[in-house]
Amino acid sequence: MPELPEVETLCRQLRELIAGKKILAIRILDSKLENIENLEGRTIRLPCRAGKCLHFRLDDGRVLMLHLRMTGRLLWQTDQPVPASHTRFIMQFDCGRLDLIDPRRFATLGVQNENPAPKAEFDPLNNFSPRLLWERGGKKILPIKSFLMDQRYIAGIGNIYACEILHEISISPRRKTSDLSLAEWRKLVIAARDILNKAITCRGTTVSDWRDLFGQKGEYQNHLRVYAKEGEPCCHCGGIIERVKLSGRGTYFCPACQL
DNA sequence: CCCTATGTTCCCAA
DNA sequence: CTTGGGAACATAGG
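Under the numbering used here, the first sequence has 270 at position 116, and the numbering climbs by one with no breaks.
Read the hints as simulated data drawn from the structure, not as lab findings. Any given hint could turn out to be false.
[Said to hold, decoys possible] In silico DSSO-like pairs for lysine-lysine, Cα to Cα no more than 30 Å straight-line: (1) Lys371 to Lys293; (2) Lys330 to Lys273; (3) Lys293 to Lys330.
[To be verified] Quick list of simulated restraints, FRET-style, between CB atoms: (4) Ile295 to Gly404: 48 to 58 Å; (5) Gly250 to Lys293: 41 to 51 Å; (6) Asp363 to Ala271: 29 to 39 Å; (7) Leu183 to Asp348: 34 to 44 Å.
Computed from a predicted structure; not experimentally measured. Don't be surprised by glycine CBs; every beta carbon is placed ideally from N, CA and C.
Kindly generate the complete structure, drawing on both the sequences and the hints.
Here it is as structure tokens:
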């Protein structure tokens, strides 16, 4: 479930708790998860986010990588000795315990020996140049929403924020990527940064079960304008929000003003 | 029973 | 090679 703002929220909360801390013990409670050797005794450096992925660099140079996929959650526990149901992985520190909870068991855990190369060409909060996006998208005839959500191109944007960003700039999710003008890419870059940063400030979007590291709901669901708003009036033009299927995903937009 | 789900990957067809 | 569609992964909830 988590997209960039949710993973960033976890990352910031983790930095306060486990940067520089030693892993006392781990427990893997799901045979689907990769068995990771020799984590005990290692110290975690500053946790980092890469798209929707969390990277925990260790003092021996290895990098523990966690992707939460659809239903993965991280929960910080200090006084609950019994893990919640669907707990798949536990890391014990002297100050508390980090639990990975994942009902659908899609989350992935892995270790690499060195820093992984960036997976995406663009990052909405760092290198997000309208001109480079315009050049890159210039020959793509796929829908702009599919382009925004493709993690090979752009890091961290998923279904909720793709819908919100496109609505903000009044562009249809079905528009061909190559149709966007440089001016439209400029608007997109600004809208993406605004929306994602605001969502980070709100600690993410809780429409069903997203929770932060301490089990708290986010607040950005109170600012959504199209996602899960089928049948409601558009805040820009009063048109009725529709839901269609695009790239296999429920897609919310205003057919009256998103052209 | 039906459908849906904030993600990714793989296979197949056009 | 590019794109789109569907299934798969596994589970909960409406």
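Is Lys330 within 30 Å of Lys273, Cα to Cα?
-> holds, 23 Å
- Message: So if I understand the rule, the pair passes when the alpha-carbon distance is 30 Å or less; does Lys371 with Lys293 pass?
- Response: With a Cα-Cα distance of about 40 Å, the restraint between Lys371 and Lys293 is violated, given a limit of 30 Å.
Is it true that the C-beta distance of Leu183 to Asp348 lies inside 34 to 44 Å, as the hint says? Holds, since Leu183 and Asp348 (Cβ atoms, about 40 Å apart) stay within the stated range.
*Return holds or violated for the Cβ distance of Ile295 and Gly404 against the range 48 to 58 Å.*
About 23 Å separates the Cβ atoms of Ile295 and Gly404, which means 48 to 58 Å is violated.
Exercise for review: Look at the Cβ atoms of Asp363 and Ala271 and judge whether their distance stays inside 29 to 39 Å.
Suggested key: Given range 29 to 39 Å: holds, Cβ gap about 32 Å.
- For the pair supplied as a hint, Lys293 and Lys330, is the alpha-carbon distance within the 30 Å limit? holds, 10 Å
- prompt: If you check the beta carbons of Gly250 and Lys293, does the distance land in 41 to 51 Å?
  reply: holds, 50 Å
Violation of the numbered hints given earlier is confined to hints 1 and 4; the remaining hints are satisfied by the structure.
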